[in-house]
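Asks: So the sequences go chain by chain: A and B. Just so you know, we're using this note's numbering here: the first sequence kicks off at 1 and counts up by one. Just so you know, we're using this note's numbering here: the second sequence kicks off at 164 and counts up by one.
For the record, the hints were derived by calculation from the structure and aren't laboratory data. There may be inaccurate statements among the hints.
Said to hold, decoys possible - Okay, derived cross-link-like pairs now, PhoX-like style, lysine-lysine, Cα gap no bigger than 20 Å in a straight line: (1) A:K148 with B:K327; (2) A:K76 with A:K113; (3) B:K314 with B:K285; (4) A:K148 with B:K367; (5) A:K142 with B:K367.
Unchecked claim - Partner residues aside, some chain B positions facing chain A, computed with beta carbon under 7 Å: (6) E215; (7) P216; (8) S217; (9) L272; (10) G293.
Ideal placement from N, C-alpha and C gives every residue a C-beta, glycine not left out.
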Amino acid sequence: MPEDKEQASKEGDLRPYRVYAIEYGTVIDHIPHGKALKALEVLGLTTKTTEHIMTVGMNLESKKHGHKDVVKIEGKELTDKEVNKLAMLAPTATINIIRNHSVFKKMTVEVPKEIVGILRCSNPNCITNHLTTPTKFVSIKKHPLTIKCWYCERAMVGDEIQF
Amino acid sequence: MTHQSFANSDIISIQDFSRDDILYILEIAKRMEQKPHPELLHGKVLATLFFEPSTRTRLSFETAMLQLGGKVIGFSDQKNTSTSKGESLPDTIRIVTGYSDVIAIRHPLEGSARIAAEMSIKPVINAGDGANQHPTQTFLDLYTIMKYKGKLTDLHIGFLGDLKYGRTVHSLVSALAHFKCKMYFIAPESLRMPRVQLEELREKGISFVEVTQLHDVSKELDILYATRIQQERFADPVEYQKVRGIYKLDKSMLTHVKKDLKILHPLPRVDEINPELDSSENAVYFEQAYNGVPIRQALLALILNAIT
């Protein structure tokens, strides 16, 4: 039984789904709680021109992580580059691509060894903040996620990782 | 010893070198110092692109090249270059690669040397990129330690002063992590070694201690690597005033140390070492600066494939 349905049944079926199902699009599940809005921002989906309907569930119960956030994006399938971006913010997230109300593809995010052109270096004195060349980082540790700028060699962890 | 081949290599970060690489470079530097090679780089041109001032580094690069029979072009002041007209660093590098066989670059922005190396078809040597790396300084520091102690392993090495912003300290600590030395970090609370680097030492099983007073550890040390508290790295002048002049080495400290302690300093010094120490056998910082020449000769000869 899906987690949100299971939770609803515990509460007397007052709300069959905390976050309703979609026909086409992407469900990002197991986002660390409190980071759903940041996830949408990182994906560039919080601008006024966004055409997609998005549903955000925050602070839901999670068997694995205690609490989690969930985001559903209607009519959009995430690209590999977008999945890589999410990995930096939400390494525990799972991504379901939905077609015809069914899970067409399920993915877990994975931090790539090299992260090119996605992040900004948090070091204001890094050359990449003064040129238009793409940034490049290498991941040096998964838990907690620690990355290092290929150019200025600054190691970044947690909130130091900037999009 | 299984070291990498250095022909046409860039010298950007000490992190790119293994223990064997380091030992091999020091061995070549020793050969360079023992026997002059006045024609070794005849016909080769070194470009020194110094976008910020430097005395020892630039002059020792130039001396190294000239003593090996090569030629030098370049600049020591960004104001006299096309970058003052808005030319980008990558464009400057593309132009200079046509004029030279090897480039030594100093630039105030961190990561600039790595970018330059990616743009250049000729080898690039990092002569200091902001607060990040200065690998040839690290090699000459290691060479100095090797010269005076005959080894790099199992030494007790103290680092004093600005350990937060001091790139020479960060790079030397990384290099010494290959050699199982015990490290002593002596700094005020606000200038402690970066947490990430201490974590790396822990993971490698390197023994270290952190103290605020030199006196607490001075008896243990074989090497004391003193550094200047760098005013230019402080965003807040009040913070600088709090730590300015916090450590002052003078002859009185020699009564509490091993007889053969060697004191190193990357120079320039301000007031952290009293000149009265200069004449003592413990002070080797001027010889250390001289060691930049054989080290840079070794690197130039290796990357220009003139020696194996």
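Asks: With reference to the structure, classify each hint as holding or not holding.
Replies: The hints, checked one at a time:
no.	hint	verdict
1	A:K148 with B:K327	holds, 18 Å
2	A:K76 with A:K113	violated, 26 Å
3	B:K314 with B:K285	violated, 34 Å
4	A:K148 with B:K367	holds, 18 Å
5	A:K142 with B:K367	holds, 17 Å
6	E215	violated, 12 Å
7	P216	violated, 17 Å
8	S217	violated, 17 Å
9	L272	holds, 4 Å
10	G293	holds, 5 Å
Of the numbered hints stated above, those contradicted by the structure are hints 2, 3, 6, 7, 8, listed in ascending order.
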